[in-house]
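Listed in order, the protein sequences are those of chains X and S. Counting in this note's numbering, the first sequence runs from 1 upward without gaps. Counting in this note's numbering, the second sequence runs from 1 upward without gaps.
For the record, the hints were derived by calculation from the structure and aren't laboratory data. Beta carbons: idealized from backbone N, C-alpha and C, even for Gly. You may find that some hints are simply not true.
Claimed, not checked - Covered stretches of chain S (chain X as the covering partner; in silico rule of three or more C-beta atoms under 8 Å from a C-beta of chain X):
1) 15-21
2) 29-42
3) 72-81
4) 101-107
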Amino acid sequence: GQNIDQPTEMTATEGAIVQINCTYQTSGFNGLFWYQQHAGEAPTFLSYNVLDGLEEKGRFSSFLSRSKGYSYLLLKELQMKDSASYLCAVRDGDYKLSFGAGTTVTVRA
Amino acid sequence: DTAVSQTPKYLVTQMGNDKSIKCEQNLGHDTMYWYKQDSKKFLKIMFSYNNKELIINETVPNRFSPKSPDKAHLNLHINSLELGDSAVYFCASTQSGVEQYFGPGTRLTVT
Chain X
1 GQNIDQPTEM TATEGAIVQI NCTYQTSGFN GLFWYQQHAG EAPTFLSYNV LDGLEEKGRF
61 SSFLSRSKGY SYLLLKELQM KDSASYLCAV RDGDYKLSFG AGTTVTVRA
Chain S
1 DTAVSQTPKY LVTQMGNDKS IKCEQNLGHD TMYWYKQDSK KFLKIMFSYN NKELIINETV
61 PNRFSPKSPD KAHLNLHINS LELGDSAVYF CASTQSGVEQ YFGPGTRLTV T
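The whole structure should be built from the sequences, with the hints applied where relevant.
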């Protein structure tokens, strides 16, 4: 089975940094994904980690430790438009993604 | 030039009815999915097709029947709709199972 945990909500100030943690226990592992979903919209791909370490993409970075079953998404220089839900997902096999319940991030001025 | 499109965007219907949702992708991807996102925003996979072949079939009531006429299309037919079927249904596609591209979603409301 799949068990993917992430905090329900986080609040931060514009310009600050927020770190969203994700822990997972899954029957198989073939990569960890982060998706962003604004209210009323479709999820959009942010990052993908399959090996341990940090992947940086502009203001967003994602880290993976496979031995600890742990990942985080780091959002730097927060902007109001970053207010959204962030979904952690684990790929099991070649095609199946299992999602966590999502973390709603609210950015305040 | 939409990548993944779904119709309809909104669907309001009564219990017991049968309805279909259509999905099309113009990305040339070989794998397509249906997901259900409930009121708590939990996104759960339902089905997946790879080159028109069913490869993922999660524990979903058999009132739900997917159909893929070709690689670019994946439809979802739902029989005897129930209140609990109310949700947003997302179609997605991928090539080689990495990044998935999601459609805009179909908000189904069963009354």
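Outcome of the hint check:
1. 15-21: Answer violated; 0 residues pass the 8 Å Cβ test.
2. 29-42: Coverage by chain X holds for the segment 29-42 of chain S (4 residues, Cβ < 8 Å).
3. 72-81: violated (count 0)
4. 101-107: holds (count 5)
Hint check: violations occur at hints 1 and 3; the rest are consistent with the structure.
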